[in-house]
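Enquirer: For the sequence shown, the residue numbers in my numbering are 47 to 504.
Keep in mind the hints are simulated off the structure, nothing from the lab. This one's a predicted model, so the numbers in the text were calculated from it and none came from an experiment. Each residue gets a CB set at the ideal place from its N, CA and C atoms; glycine is no exception. A hint or two may mislead.
[Said to hold, decoys possible] Computed spacing ranges between beta-carbons, pair by pair:
| hint | residue 1 | residue 2 | range |
| --- | --- | --- | --- |
| 1 | ALA314 | PHE219 | 44 to 54 Å |
| 2 | SER165 | ASN64 | 31 to 41 Å |
| 3 | PRO495 | SER212 | 47 to 57 Å |
| 4 | ASN377 | CYS434 | 51 to 61 Å |
| 5 | TYR74 | THR490 | 22 to 32 Å |
[Claimed, not checked] Derived DSS-like pairs: lysine-lysine, alpha-carbon spacing no greater than 27 Å straight-line:
| hint | residue 1 | residue 2 |
| --- | --- | --- |
| 6 | LYS182 | LYS114 |
| 7 | LYS261 | LYS322 |
| 8 | LYS301 | LYS322 |
| 9 | LYS375 | LYS322 |
| 10 | LYS379 | LYS322 |
| 11 | LYS54 | LYS95 |
| 12 | LYS115 | LYS54 |
| 13 | LYS301 | LYS389 |
| 14 | LYS483 | LYS114 |
| 15 | LYS370 | LYS301 |
| 16 | LYS202 | LYS261 |
| 17 | LYS182 | LYS202 |
| 18 | LYS470 | LYS379 |
| 19 | LYS422 | LYS470 |
| 20 | LYS182 | LYS422 |
| 21 | LYS389 | LYS54 |
| 22 | LYS389 | LYS322 |
| 23 | LYS375 | LYS301 |
| 24 | LYS370 | LYS389 |
| 25 | LYS483 | LYS54 |
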Amino acid sequence: MEFTEAYKQTGPCCFSPNSRYVAVANDYRLVIRDTFSFQVVQLFSCLDKISYIEWALDSEYILCGLYKKPMIQAWSLTQPEWTCKIDEGPAGISYARWSPDSRHILTTSEFQLRLTVWSLLNTACVHVQWPKHGSKGVAFNQDGKFAAICTRRDCKDYVNLLSCQSWEIMGSFAVDTLDLADLEWSPDDSSIVVWDSPLEYKVLIYSPDGRCLFKYQAYECGLGVKTVSWSPCGQFLAIGSYDQMLRVLNHLTWKTFAEFLHLSTVRAPCCAAIFKEIDEPLHLDMSELSLDENFMPSNYDASEGYISVRYEVMELPVAFPFQKPPADKPNPKQGVGLLAWSKDSQYICTRNDSMPTAMWIWDMRRLEVAAILVQKEPIRAAVWDPTCTRLLLCTGSSHLYMWTPSGAFCVCNPLPGFSISDLKWNIDGSCLLLKDKDAFCCATVPALPESSDYSSDD
């Protein structure tokens, strides 16, 4: 892997949809860099500190959320002199997003009073009253022709379907939820999944015309759904719950065909490879060298020398560190809090928040766990390579961890004092963005050979 130098950031960073640029928030400045040379190609000054940034799908426009102000500013890369400012006045703005046509901005006011569609082509705007959520509850179908927006009125939840051309409401139907949490279109646009708040286990599948296709409720009298995700192929719907189980529904009958439990102890028989991160001190005699502190790499420990990490394959049985959440505090750290599908829909990775150092990788063809990665620190983020079956994760250390069906291995970031707390792929998988607390860098990841055989060493 090759790493760029570290660049300053104080907020969100993200790649453009065409992978040509990376946008970085630096206080009130928006910095646009080229992903090939990392030279600054545009620099925009906002009126306040940037809280949120989002690219338009055509990569020509970008919006900045100044939520402390509160207002939205939008910029054009092809017309640097063009500016746009959206201010809802006393209503405020809690969230903003682009429409699929890249020519409209949807804003949600404070206290969910209304959702407004602003046009960049003219001064027209459309209002939708009583949106259910600020940052959630809005989903666009795959071809970008329709938007599903959750609203609540008269103590009942509704889904409104809007045309993304005229922004007229094409239909509206009530959903059987007590407190709707979110919704998502299926990859083939044939259905919409809606799920309830954690206080009520309920997952509902609706057709776009409002017919309830299936109602799923795994259990009652307990905290319910925590994460929901469609597989990229659209054939599976994965549901992570507070009871520490992952359930997968098929798209033909909507019945559960797989249930995976995150055990605190894995015993035989089990075909999964369990990789545990361990330290491997490298004792080097550097007593006669005089080096400045700036030359000391991030994995240097004065008492131990250089610290390298590697994966060691564990023998069964293996017990994982388990954290029991306090019963008297809200939002307990338990259940499946992280869930992501591989590009080919064959694998799905999960993290049970009660065992935050373990990453479980499930094989959907064999319907069993394929591998478990046990880290020293809690897992912060995990992302699949958009071009192949490769999983990358970070734990806030200076190392990057990877898994493929051929094995698992660790890579050290050579930048001094750089701790990886978040990571993002660009859309074509050619570049990986790594974030530290106040800096970011990018890395190029080599393509996987057809028959890769990695070792677990650095």
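Enquirer: Run through the hints listed earlier and report the numbers of any the structure violates, in increasing order.
Expert: Violated: hints 2, 4, 7, 8, 9, 15, 20, 21, 23, 24.
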